[in-house]
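**Q** Here's the letter readout for the chains.
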Amino acid sequence: MAKRSVWSDNRFWQRSAAWVTGFASILLIWLTFDTSAQISMGTDADLQNGVTKRVPAPTVINYKITYEMDTTRGHEVPVIGEKEMFFGRDDWSEEEAAELLHLGKLGSQAKNCMNCHTLLGNGAYYAPDLTKAWLDPAWGPEGSLQSMTGKNTKEEAMAEFLQHPSQYPTHARMMPDLGITADEAQGLVAFLKHMSSIDTNGFPRNFGKIKGAVHGK
Amino acid sequence: MFEPFVDVVPSFFGWLNQGPLTLTIFLHTVIILPMFWIYKQEKARIEREG
Amino acid sequence: MASNHLTGVGSESKQLATWYFTFAAIIFGAQLVFGVVAAIQYVMPGFLFEIVDFSVARMIHINALVVWMVFAMFGAVYWLLPDETGIETVGIKIGKLLFWVFAAAIVVVVLVYLLVQVGPATESTIWLIHEGREYIEAPRWADFGIVVVALGFVFNLFATGMKGKQTGIITVLMADMLAFAGLYLAGMFFTDNISVDQFWWWWVIHLWVEATWEVYVGSLAAYGLITMIGAHRKTVEMWLWIEVAMLFGSGILGLGHHYFWIGTPEYWWEIGALFSALEPLPLVAMFIHVLYDWGKTQGAETEKGNPASVIKNKPAFTWFVLNAFGNFLGAGIWGFFHTLPQVNLYTHGTQFTSAHGHLAFFGAYATILIGMMYLAVQGTNGIKVLKSTKSSLAATWMITGGVMGMGIALTIAGYVQVLVSRAQMGATWAGYFDGQSGMWFSQAMDWRLFMGVITLIGFVFLAKDLLSIGKATHHER
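Chains S, L and G, in that order, are what the protein sequence lines are.
Under the numbering used here, read the first sequence as residues 299 to 515, first letter to last.
Under the numbering used here, read the second sequence as residues 68 to 117, first letter to last.
Under the numbering used here, read the third sequence as residues 52 to 528, first letter to last.
No lab work stands behind these hints, which were simulated from the structure alone.
Some clues are possibly wrong.
[To be verified] The list that follows gives simulated cross-link-like pairs (lysine to aspartate or glutamate, EDC-like), each with its CA atoms no further than 20 Å apart: (1) S:362 - S:332; (2) S:362 - S:392; (3) G:438 - G:527; (4) G:285 - L:74; (5) S:362 - L:114; (6) S:301 - L:74; (7) S:449 - S:481; (8) G:441 - G:527; (9) S:362 - S:454; (10) S:507 - S:454; (11) S:362 - S:342; (12) S:362 - L:116; (13) G:347 - S:307; (14) G:285 - S:342; (15) L:110 - S:392; (16) L:107 - S:454; (17) S:449 - S:392; (18) G:144 - L:109; (19) S:362 - S:389; (20) S:381 - S:332.
[As the list claims (entries may be wrong)] Just a sample of chain G residues kept apart from chain S, beta carbon distances all over 12 Å, derived: (21) 155; (22) 193; (23) 210; (24) 241; (25) 314.
Ideal Cβ placement from N, Cα and C applies to all residues, glycine included.
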């Protein structure tokens, strides 16, 4: 009688399955520790000393953020520049900024942003991606969205829009009024500004960089 | 083949990720290799059981 | 105990399974209704504006999806436990009590979604209304309820598995369901850091649908092959172990394909790309395995002079085969389309993901769970060979065709977004709406709505069939 092959033996596959599953799980846990350390929020001292963090401190709202091509990494990265006014101040303390971000992040969940928009590319596809919304030229000084609200700064324009979205339709598909208060709107804008400073490995590509591609823009 | 290390934060896994496929080939090898040992053990068992 | 395979008469565990299936089917209907509402809103943005907004309709659409599948999954386990272990499920009274707790909690959660919709930016909104995190929006109070119910379910499974006969299928299910329940804990906290938030959020979503749920489906398929066509347990269980090795081997680290762009380190590009690129392999294997066992069993019977079909339940087996193929097509092919970072940089966050989501959830999970519902109909009615009716066929064709049509329409819409909004316009607000206004995009959305309605009509046939097929007279009793 020919010898039974190991390849058709249940025990061999059972042990292999146990090994592969166990080892992959251990690797994932190890990777999780490594990644968790890398994506923990930075501190205000990091920002002042120019230490690059993948997720900067909430006080990043005191600084100008741009999205620039990094030739060594081969894609765009958020660059934290000089001080910049945010709702009339550039001296938000660590506690104040953290509180504002907390309010904004809570607001983003309470208002269910993610079931129309995408955040970091995740969510629903019914409305624009918000990952780098803070850097969208349309909200900038010459942008159509800023002039639409009649405000003079990006943050005030965004806050105004969030409080009365259906007054400022940008498309047949409108954002509904979600009862966002002035405080909540300020928090949400801080949340958006902070999110735009997260190093997303170059996503989205070419954000806000393309002019003249379609309709002569 | 080997590219300069440009990760924002250096780490063990980042260091293994030296060029195309290096990290994943390493991890797959580590996962597959012990299966040879399991194979040998099971082969011996089947022979013992006749 | 083999004789008990196709009959559920007198088993409390199987009775509980039918409760789970019934509630699952109702929630499935709700999922489709709110899906159609959301699809209408793409075509007519004013539809129910500021009454049931897209965010609300979509939240109910995807939450109902998760809930009906979890209900049907629990039900399927209660259905197969007595067959596999040879004994009545241990702690069935607790199981029945927890069913009512679970069902009541879900009804309250959905009513709050629908009637309260949003709250102020406070912790109490997260605790009482919803958490605003895609797929796991359930408020925190419900999270704790779900954990208690899941623990009770896992206890039933473990106690029964350890007391009765512990087959390979039961062993896999025990390990898998423990991980399935445990992973939910990773989604139960709040953080201000959205990168950390999404990191753990994917632990729940990915490790459910691309690891533990897939292994669960492998176990169900194994059970189905043994009960419906009389495949050999040894062969089926060997395949099951191979599938576990391949599914977990690729799926666990395949989690990395969600970590390309959320602030996580660069090495995930490579881990995510290459491990998830292997994820379709076990799905091919599962498809081949189902067809191979079918052909082998039928061939052996024909050889013995029994040319009659070996299939004991036609509609259920149809759905099982659709599962084997749909899993490969929707999860495997459509998943692989956009799993490499070079591609995903442009497809991430577009209708491409939505196309994959529809085809994969349907192909990998809805199909086999509908199949289990037909098995339960057969068992509770004591039918030896259950044959299809006109409604079974109408439901199969309309639901499968409808979802396939939605998948194709959404894929085309995804292409428009990738090319116009992303590649050409750089993903801004203006770029987004340029893509949305394109002719290909808007026509794709019309087709998606049409196909969604077809799916819903198919569901009506399915519901009618599940309620009436047991009484039909053309079965072998």
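**Q** Hint by hint, say whether it matches the structure.
**A** Status of the hints after comparison with the structure:
1. Distance hint between residue 362 of chain S and residue 332 of chain S is unfulfilled; the C-alpha atoms sit about 29 Å from each other, more than 20 Å.
2. Pair hint residue 362 of chain S plus residue 392 of chain S holds up; C-alpha atoms about 17 Å apart against a cutoff of 20 Å.
3. Restraint check for residue 438 of chain G and residue 527 of chain G: satisfied, since their Cα atoms lie roughly 8 Å apart, inside the 20 Å limit.
4. Between residue 285 of chain G and residue 74 of chain L, the direct Cα distance comes to roughly 49 Å. Violation of the 20 Å bound is thereby established for this hinted pair.
5. The suggested pairing of residue 362 of chain S with residue 114 of chain L is violated, with an alpha-carbon distance near 72 Å, which exceeds 20 Å.
6. Proximity of residue 301 of chain S to residue 74 of chain L is assessed by CA-CA distance (about 53 Å); at most 20 Å being required, the pair is judged violated.
7. Distance hint between residue 449 of chain S and residue 481 of chain S is fulfilled; the C-alpha atoms sit about 17 Å from each other, no more than 20 Å.
8. In summary, the hint linking residue 441 of chain G to residue 527 of chain G is supported, as the alpha carbons are separated by about 17 Å, within the 20 Å threshold.
9. Proposed proximity of residue 362 of chain S and residue 454 of chain S is supported: the alpha carbons are some 16 Å apart, at most 20 Å.
10. With a C-alpha separation of about 23 Å, the suggested pairing of residue 507 of chain S with residue 454 of chain S is violated against the 20 Å cut-off.
11. About 15 Å separates the Cα atoms of residue 362 of chain S and residue 342 of chain S, which keeps this hinted pair within 20 Å; it holds.
12. Simply put, residue 362 of chain S and residue 116 of chain L have alpha-carbon atoms about 73 Å apart, too far for the 20 Å limit, and the pair is violated.
13. This hinted pair checks out: residue 347 of chain G and residue 307 of chain S have alpha carbons roughly 19 Å apart, not beyond 20 Å.
14. Taken as a hint, the residue 285 of chain G and residue 342 of chain S pair is broken in the structure, with Cα atoms around 62 Å apart against an allowance of 20 Å.
15. Under the criterion of a C-alpha separation no larger than 20 Å, the hint pairing residue 110 of chain L with residue 392 of chain S is inconsistent with the structure, at around 64 Å.
16. Straight-line distance between C-alpha atoms of residue 107 of chain L and residue 454 of chain S comes to about 70 Å, which puts the hinted pair past the 20 Å bound.
17. As the CA atoms of residue 449 of chain S and residue 392 of chain S are separated by approximately 27 Å, the hinted pair breaks the 20 Å bound.
18. Distance restraint check for residue 144 of chain G and residue 109 of chain L: the Cα-Cα separation of roughly 43 Å exceeds the 20 Å cut-off, and the hinted pair is therefore not satisfied.
19. At most 20 Å may separate the alpha-carbon atoms for a hinted pair to count; residue 362 of chain S and residue 389 of chain S meet this at roughly 13 Å.
20. Of the pairs offered as hints, the one joining residue 381 of chain S and residue 332 of chain S is violated, with about 32 Å between alpha carbons and a cut-off of 20 Å exceeded.
21. Residue placement check: residue 155 of chain G keeps its beta carbon more than 12 Å from all beta carbons of chain S (closest about 24 Å).
22. The claim that residue 193 of chain G lies off the interface holds: its Cβ sits roughly 15 Å from the closest Cβ of chain S, which is beyond the 12 Å cut-off.
23. With a cut of 12 Å on Cβ distances, residue 210 of chain G stays outside the contact zone with chain S, its closest approach being about 22 Å.
24. Look at residue 241 of chain G: its CB is around 8 Å from the nearest CB on chain S, not clear of 12 Å, so calling it non-interface is violated.
25. With 12 Å as the threshold on Cβ separation, the claim that residue 314 of chain G sits away from chain S is violated: the shortest Cβ distance comes to roughly 4 Å.
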